[in-house]
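J.: Sequence:
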Amino acid sequence: MKILIVVQRYGVTPGESMDGAVRVRRFPIAGLRSPTFKDTERHLLFEPHTLAEERKWLIEQGPHVPALLEFLHREGSRYDAILFYTYIYEPTAAGLPLVAERAALISTAHDEEPLRLFPYRALFQLPRAFGFLTPEERDLVHARFANEHIPSEILGIGLDPPPWHDPQPFRDRYAPRGPLVLYVGQVSEGKAVDELVADWIEYHDTGGSGTLVLAGTQRMPLPDRDDIVSLGHVSEEEKYALLEAADVLVLPSHLESLGIVLLEAWQVGTPCLVSAHNPVTRGQVARARGGLAYERDDLAEALAAVLAKRDALGSWGRRYVERECTWPAFDARLEQLVDLAAS
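Numbering (our numbering), first residue to last: 13 to 355.
Incorrect hints may have been included.
[Said to hold, decoys possible] Distance windows between CB atoms, simulated:
#1 M30 with V246: 30 to 36 Å
#2 R86 with R301: 47 to 53 Å
#3 M232 with D31: 38 to 44 Å
By construction, these hints were calculated from the structure, which means they are not laboratory data.
Fair warning: this is a prediction, and the values are worked out from it, not measured in the lab.
For every residue, glycine included, the Cβ atom is placed at its ideal position computed from N, Cα and C.
Make the full structure from the sequences, and use the hints.
T.: If you want it as structure tokens, here you go:
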């Protein structure tokens with residue numbers, strides 16, 4: 013069986029090579045993201061516009077890879093299955109229709125404005141099969157596009173074992189003042205970190221204790237407080253050390269196709285709090301029994317509830333990841349998707 017997997021990746025040299033027994037074809041990128049992309053996107057999402065402008069936006073978004081599209085048109089029929097990762101970029105939106113009869117779309121979709129644009133209304137009717145990261149992503153796609161008739165597989169992901177890490181220095185530094193509450197990811201309003209910070213301040217100023225530690229690139233201003241620490245970008249080893257040192261991980265984002273950091277926290281037995289308004293992460297926590305969902309006005313109560321059952325919740329989360337996120341388990345699900353696309 014011949015399989016082609018189309019992914020978007022910058023910074024690699026075009027050409028053909030072998031990775032073990034796998035032939036890898038890399039195509040030259042004719043255009044990255046246009047400097048005017050954000051202006052065009054705002055126009056498309058919030059103002060009247062034409063279909064031609066939507067197609068232009070796809071190219072402006074990047075990566076623009078005409079050589080890949082030409083290859084799919086010329087050689088696509090030689091493959092039994094072609095897997096497209098991530099719906100939003102032009103290689104998928106323009107490439108999948110060229111080989112729809114043998115294509116699987118791993119959409120990584122969440123409820124965002126671009127999903128409403130015309131190219132995607134057509135795209136989500138075309139593949140022979142879908143791969144979804146979560147049942148909630150599947151439900152969103154079915155509700156938005158009425159395409160339940162297209163076969164699908166819930167893939168999830170596979171995880172490597174955590175690298176060597178030492179949580180003790182972080183516990184020594186932050187835990188003596190109360191619970192170490194951790195956020196990992198981009199520190200921005202788009203990830204609802206502004207809401208988390210506001211909720212934390214209210215919790216702490218009304219008698220709560222502990223330290224909120226933010227690990228990730230900072231893209232928003234933060235208050236100057238002893239109980240809020242921003243570490244910026246951290247290494248993989250530091251990330252896992254923080255995850256194991258933490259009493260609880262908090263993920264406040266309202267929009268995710270998969271909360272990978274939840275799975276990483278469960279790898280080291282740390283329970284999680286997630287926004288009650290995010291169906292994806294709320295579903296992950298429910299399936300793993302590895303934490304709780306919280307409303308903005310009950311952070312204190314939710315934090316107390318998780319801390320009261322920290323070891324049990326962390327243990328259930330760890331068992332879930334050990335069952336669902338090993339590479340053999342993921343590979344078996346991926347093989348099912350390939351069979352659906354090639355049938």
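J.: Do M30 and V246 keep their Cβ atoms within the hinted range of 30 to 36 Å?
T.: 34 Å, holds
J.: Hint says 47 to 53 Å; check whether the CB-CB distance for R86 and R301 agrees.
T.: 50 Å Cβ-Cβ, so the 47 to 53 Å window holds.
J.: Honestly, do M232 and D31 meet the 38 to 44 Å range at C-beta?
T.: At roughly 39 Å between Cβ atoms, D31 and M232 fall inside 38 to 44 Å, so the hint holds.
The structure agrees with every numbered hint stated previously.
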